[in-house]
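Visitor: For reference, the chains in residue letters:
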Amino acid sequence: MQSIVSSYHLCLAHPPPPVLCQRLLCHRIPSIRLPSRRSTTSLGLFTCAAVSRESEMAAKEDGQDPRIPKIASSIRVIPDFPKPGIMFQDITTLLLDTEAFKDTIDIFVERYKGKGISVVAGVEARGFIFGPPIALAIGAKFVPMRKPKKLPGKVISEEYSLEYGTDKIEMHVGAVEPGERAIIIDDLIATGGTLAAAIRLLERVGVKIVECACVIELPELNGREKLGEAPLFILVTSDAA
Amino acid sequence: SLPKSLNKRESERKTADFFIFRSSLTMSGNKQEEDPRINGIKTKIRVVPDFPKKGIMFQDITTVLLDPKAFKDTIDLFVERYRDKNISVVAGIEARGFLFGPPIALAIGAKFVPLRKPKKLPGETIFEEYELEYGNDRLEMHVGAVEAGDRALVVDDLIATGGTLCAAINLLERVGAEVVECACVIELPELKGRQRLKGKPLCMLVEYR
Chain A
1 MQSIVSSYHL CLAHPPPPVL CQRLLCHRIP SIRLPSRRST TSLGLFTCAA VSRESEMAAK
61 EDGQDPRIPK IASSIRVIPD FPKPGIMFQD ITTLLLDTEA FKDTIDIFVE RYKGKGISVV
121 AGVEARGFIF GPPIALAIGA KFVPMRKPKK LPGKVISEEY SLEYGTDKIE MHVGAVEPGE
181 RAIIIDDLIA TGGTLAAAIR LLERVGVKIV ECACVIELPE LNGREKLGEA PLFILVTSDA
241 A
Chain B
1001 SLPKSLNKRE SERKTADFFI FRSSLTMSGN KQEEDPRING IKTKIRVVPD FPKKGIMFQD
1061 ITTVLLDPKA FKDTIDLFVE RYRDKNISVV AGIEARGFLF GPPIALAIGA KFVPLRKPKK
1121 LPGETIFEEY ELEYGNDRLE MHVGAVEAGD RALVVDDLIA TGGTLCAAIN LLERVGAEVV
1181 ECACVIELPE LKGRQRLKGK PLCMLVEYR
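The listed protein sequences derive, respectively, from chains A and B.
In terms of my numbering, the first sequence opens at residue 1 and continues consecutively.
In terms of my numbering, the second sequence opens at residue 1001 and continues consecutively.
Here chain A stands alone, though its shape is the one from the complex (with noise of 0.2 Å):
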């Protein structure tokens, strides 16, 4: 909370009035780091921009985007699949409510546009649904990562556990350089174990994750954990079970 007040004091041109500095203090959305390249006027114009579309949210109830509960709804649950006691988070309803779809692409575009991603990669098969609209209108590269022998020529591979044995992602050599910054995209995080792979497979080359995105987190399942120094930014969380 201290950084998110201290940056924002720095740039400000106009301050809210301090019942809106208030509501902002506990609103849990967490803000981007900027390439340090970045102007003191640039990150100035950012940060008021934020601040506005901030208040704005914040002015509506408890600091939430007035889009998301109508994605939560569209979000439908099954029970017992895969398998016994799991509640599974279907999101291919959301992608029959076209009004929700184009939502939730917003959002998500709206938060990444202009901050120098360069890549967006999405998790094979569901991160290939978010992802791709993603990157079109932010001006990004799209990076599919895909399970073993999906992609053809050369590729590099991360394991990862899984409740009873381990899987592996990977990703194409030379999709992306060093010193590129990315953003990986997931329907839903749960225990964070691929995404936890996805970000050690980017970080291996060179890459640095600017954010991790999801549409549904499971907090129970703490995926946040294994994510390291890379923020989650979501817009639903539910229960695992």
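One or more of the hints may lead you astray.
Below, in silico cross-link-like pairs of lysine to any residue (SDA-like), each with a Cα-Cα straight-line distance of 25 Å or less [as the list claims (entries may be wrong)]: (1) A:Lys115 / B:Lys1072; (2) A:Lys149 / B:Val1047; (3) B:Lys1192 / B:Ile1056.
Derived coverage of chain B by chain A (criterion: at least 3 residues anywhere in the stretch with Cβ under 8 Å from a Cβ of chain A; other residues may be distant) [stated by the list, open to error]: (4) 1054 to 1062; (5) 1113 to 1122.
Listed next, the stretches of chain A that the computed footprint assigns to chain B, with coverage defined by at least 3 CB atoms under 8 Å from CB atoms of chain B [what the hints assert, rightly or not]: (6) 68 to 81; (7) 90 to 96; (8) 100 to 110; (9) 148 to 154.
Worth flagging that the hints you see were computed from the coordinates, not collected in a lab.
Note that CB positions come from ideal geometry on N, CA and C, so glycine has one too.
Assemble chain B onto chain A, guided by the hints.
Guide: For chain B alone, kept in the frame of chain A given last:
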């Protein structure tokens, strides 16, 4: 069953000399003027020999996705074609159809329906079987995702033999949707997939011979 030519070493193959963006009206073969964006897309497709096995020249579209302009042009070409056609459903075939289908669906205001391998979709599904070189596979769709009277577009990165696309058409028609067209970035015309689409038109951007 698949033609044997799928496995033959295709040392004589070269990328098509011409790139035709055909409309459904020109199924009979009239050539249209090449859209200037098509060459930029075509040059970004990477051909990987002997993948997934010897003799196959794999058409890798991931290199198109790495070029924001080429990727945007690909989507724009399809969106321009379909935006005024009252398409209510874009069905994308797992997994590379998921890369192109959702951006098209979002731009034209249609719902996106994933067509998936078995056991991936939770809840009630219907399935359609199709032939592989050895054995069969299945394509599944959620019950209730598509309604009778929906006008549908089927999207995949590539059409080869047309088996998967035919299964997709069957799934959509079984629930009473009208399949307006199939859209693929790449066609392998020698495999004659176009003839297996139950009379539905095919729109593609790039041929590979």
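Visitor: The structure should be examined with respect to each hint, and the outcome stated for every one.
Guide: Do the hints match the structure? See the list:
1. Straight-line distance between C-alpha atoms of A:Lys115 and B:Lys1072 comes to about 19 Å, which keeps the hinted pair within the 25 Å bound.
2. Taken as a hint, the A:Lys149 and B:Val1047 pair is honoured in the structure, with Cα atoms around 16 Å apart against an allowance of 25 Å.
3. Taken as a hint, the B:Lys1192 and B:Ile1056 pair is honoured in the structure, with Cα atoms around 16 Å apart against an allowance of 25 Å.
4. Chain A is given as covering the segment 1054 to 1062 of chain B, and this holds because 3 residues of the stretch bring a CB closer than 8 Å to a CB of that chain, at least three being needed.
5. Only residues whose C-beta sits within less than 8 Å of a C-beta in chain A count toward coverage, and the segment 1113 to 1122 of chain B has 7 of them, enough to reach three; the restraint holds.
6. With 3 residues having a beta carbon nearer than 8 Å to a beta carbon of chain B, the segment 68 to 81 of chain A meets the requirement of three or more and the stated coverage holds.
7. Residue count for the segment 90 to 96 of chain A with a Cβ under 8 Å from a Cβ of chain B: 4. That meets the three needed, and the coverage hint holds.
8. Only residues whose beta carbon comes within less than 8 Å of a beta carbon in chain B count, and the segment 100 to 110 of chain A has 3; three or more means the coverage holds.
9. Chain B is given as covering the segment 148 to 154 of chain A, and this holds because 5 residues of the stretch bring a CB closer than 8 Å to a CB of that chain, at least three being needed.
Every hint from the earlier list agrees with this structure, and none is contradicted.
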